[in-house]
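K.L.:
Could you build the full structure based on these sequences and the hints that come with them?
Quick note, the sequences are listed as chains A and B, same order. For the first sequence, this note's numbering begins at 1 and goes up steadily by one. For the second sequence, this note's numbering begins at 1 and goes up steadily by one.
Careful: at least some of the hints might be erroneous.
To be verified - Cross-link-like lysine to any residue pairs, in silico, SDA-like; alpha carbons within 20 angstroms at most:
1) B/K88 to B/W103
2) A/K115 to A/I128
3) A/K59 to B/E92
4) B/K65 to A/I128
5) A/K197 to B/E42
6) A/K59 to B/K88
7) B/K88 to B/A101
8) A/K267 to A/G205
These are computed hints drawn from the structure, not numbers from a lab.
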Amino acid sequence: MKLNLVHRLLLMLTPLTVLATQGARQNVRVAAARTQKQASAEPASSLPIPRTWTPPDAKKIPSGPYGEAILLGMQIFTQTPKYASAYVGDQLSCSNCHLQGGTMSYGIALVGAPKWFPMFSERAKHDISLEDRIQECITRSENGSPLPHAGPEMNALLSYLDWLSEQAEPRIEAPIRGLASVPALNGDPVRGEAVYKQNCSTCHGEDGAGVAGILPALWGPAAYNEGAGMNQVGKMAAFVLRNMPQNNPGSLTPQQAYDVAAFVASKPHSAYNHAYDIY
Amino acid sequence: MPAWHVSPEEDLRAVSAYAAQLGRTDQLPETERFAPPDALQEAGRRVYAMHCARCHGERGAGDGKDASRYLPSPPSFKGMRPSYAAAKRIIEGGVPGTAMASWPLLTQPEIQAVTHYIRSLYAADRQDSSKATGAPQ
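P.N.:
Structural data, given as structure tokens:
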């Protein structure tokens, strides 16, 4: 009888056990799917995306003349060829290099920039002002002619940078300035071409021309000129290493970053006008 | 909320017609465009290939090579035409509880361009969908 009872109990329990096991398997599958989903939802980068700062929000701009200047500055910064068309010679915007409106760590952030000047310039071999530094960008990276001194465009850009820097809250760490540190390597343009085709040409195009106003050009008439910082292999490598390709930043090795930067630098760029060396 | 079911037939029809064309009224005014429509379309195609096709499929049918890994399945853009505001919200913030992650690195022009492209995939819009597939006009 006892055995029978145990047997019966076991028989009664069996379906439950099977159900429970199936349920557990199901749970494991769901959990695995979730893990897989979460894992792939995150960028597959080995480098975390810095989240210490959020892009500037136009809604927070104060009203009045200062606010109007900030707004114009933000527009020039993010759509330079449209809002400073008289002075720029290519299709790039400030925010193509100064990522997220100048607020992204290792993306040449400019939060706090007004306080860094006057600054000794390796290029000029003397102290320069923030205004001078902006003119360098306009004449090199924007392949343009200098903005009028104290004109509305310059005033707007300075106001925008002031406002960005005022946004700094003590609790939030300001974005890390400049670019990532990279070892000094030699880039090989031949290897770089393969890296480019694999990782960059989908957006920037096989012809490096990008799409005006949206995807930045890397060479040719729509791109920065020979005098731009981005035309220096080491600088572009540092930019690329941390920020590109945009769907998987941090996936290239330092050598690949150097190679692709050497490839881009080997392509034609507009000549820099040395008359603007005064800045 | 008024008792809608007792509303006059005429009102119901008007509301229904309005709701049906909501998705289509959200055209970008020229002043808000980062580039002309052709440039938005081309840039959008590139951004889509880079960031979206893996799940949403090369032609937006929700059949990308990774699509089968996710529940709920990535939606097909053949049957939905998100507004610019909705697409921006979803791209910037992601959709909790789904595989749709946020894309904090995409710029505002890129988001606008990819939305322009995604909207062109909507199957009901024959002209735009033929453009998206590269078919002759």
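K.L.:
Taking the hints in turn, state whether each one holds.
P.N.:
Hints and how they fare:
For the hint linking B/K88 to B/W103, the alpha-carbon distance of about 10 angstroms falls within 20 angstroms, and the restraint holds. A hinted pair counts as satisfied when its Cα atoms are at most 20 angstroms apart, and A/K115 with A/I128 qualifies at roughly 13 angstroms. Of the supplied pair hints, the one linking A/K59 and B/E92 holds, its CA atoms being roughly 17 angstroms apart against a limit of 20 angstroms. Taking the CA atoms of B/K65 and A/I128, the gap is about 53 angstroms. The hint is violated against a cut of 20 angstroms.
About 18 angstroms separates the Cα atoms of A/K197 and B/E42, which keeps this hinted pair within 20 angstroms; it holds. Between A/K59 and B/K88 the alpha-carbon distance is near 16 angstroms, which keeps this suggested pair within the 20 angstroms criterion. A C-alpha spacing of about 13 angstroms is found between B/K88 and B/A101, which places the hinted pair at or below 20 angstroms, so the restraint holds. Note on A/K267 and A/G205: the hinted pairing holds, with a Cα-Cα distance of about 13 angstroms set against a maximum of 20 angstroms.
Violated hints amount to a single one, hint 4; each of the other numbered hints is respected by the structure.
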